[in-house]
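Using the hints provided, position chain B relative to the given structure of chain A.
The primary structure of each chain is shown beneath.
Protein chains: 2
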Amino acid sequence: MILEQAILNIKKGRKSEFESAMAQAVPIISSSPGFLGLEVRPCLENTSRYLLLVKWERLEDHTEGFRNSPRYQEWRTLLHHFYEPFPVVEHYGDPLPS
Amino acid sequence: MILEQAILNIKKGRKSEFESAMAQAVPIISSSPGFLGLEVRPCLENTSRYLLLVKWERLEDHTEGFRNSPRYQEWRTLLHHFYEPFPVVEHYGDPLPS
Numbered sequence: 000m001i002l003e004q005a006i007l008n009i010k011k012g013r014k015s016e017f018e019s020a021m022a023q024a025v026p027i028i029s030s031s032p033g034f035l036g037l038e039v040r041p042c043l044e045n046t047s048r049y050l051l052l053v054k055w056e057r058l059e060d061h062t063e064g065f066r067n068s069p070r071y072q073e074w075r076t077l078l079h080h081f082y083e084p085f086p087v088v089e090h091y092g093d094p095l096p097s
Numbered sequence: 000m001i002l003e004q005a006i007l008n009i010k011k012g013r014k015s016e017f018e019s020a021m022a023q024a025v026p027i028i029s030s031s032p033g034f035l036g037l038e039v040r041p042c043l044e045n046t047s048r049y050l051l052l053v054k055w056e057r058l059e060d061h062t063e064g065f066r067n068s069p070r071y072q073e074w075r076t077l078l079h080h081f082y083e084p085f086p087v088v089e090h091y092g093d094p095l096p097s
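For the protein sequence lines, the chains are A and B, in the order given.
Numbering follows numbering that gives the first Met the number 0, with no gaps: position 96 of the first sequence is 95.
Numbering follows numbering that gives the first Met the number 0, with no gaps: position 72 of the second sequence is 71.
Check the hints yourself; a few may be wrong.
Any copy will do: because identical chains look the same in the list, a pair fits if it lies in one copy or spans two.
In silico DMTMM-like links for lysine to aspartate or glutamate, alpha-carbon gap of 25 Å or less [what the hints assert, rightly or not]:
1. 11 <-> 63
2. 10 <-> 93
3. 11 <-> 93
4. 10 <-> 59
5. 10 <-> 89
Derived from the structure by calculation, the hints contain no laboratory data.
Nothing here was measured: the structure is a model prediction, and the numbers come from that model.
Extracted from the complex, chain A is given alone in its bound form:
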């Protein structure tokens, strides 16, 4: 399992619109092959910030499958205009043994 991670900074005054748009966008990404789950959590220290965590079976399910699909165009249209700055997206592998 691969964990996609991004810190989302939302433009001033747009939080509730962003939250509605995200609720519309979740079913779009959820139907993508290899999608295993998503959560968006509000930051306690910075109220215009959210943590996005998306679980994918394989890296390519996100970087190729989703991003090259028409679903990604819908996701972009719904969400990308809320971000400032545009988020850096990274991927993380299986947890270290502990």
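For chain B alone, coordinates are given in the frame of chain A:
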């Protein structure tokens, strides 16, 4: 549940030492009241980077309980010298409904 999040950037050439130290440090934080779970995942895009996610019952279990305990001194001694720059730690609340 509160999710603590930090991006850990490890000094050049110190990765395997860091991973051993983290394996020693996990039981220390795990015995802290309110601790619910921890994962450390390696970044796929940047091999000296890790994502730390720690689940706590309440924010204060981390910011007061753990950080004011002798356990935190052990955690610091084991881990803090590996980081460059020193990580920004943030806390995130319950996920948005979807």
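How the hints compare with the structure:
no., hint, result
1, 11 <-> 63, "neither (32 Å within a copy, 31 Å between copies)"
2, 10 <-> 93, "between (33 Å within a copy, 21 Å between copies)"
3, 11 <-> 93, "between (35 Å within a copy, 21 Å between copies)"
4, 10 <-> 59, "neither (30 Å within a copy, 29 Å between copies)"
5, 10 <-> 89, "both (21 Å within a copy, 19 Å between copies)"
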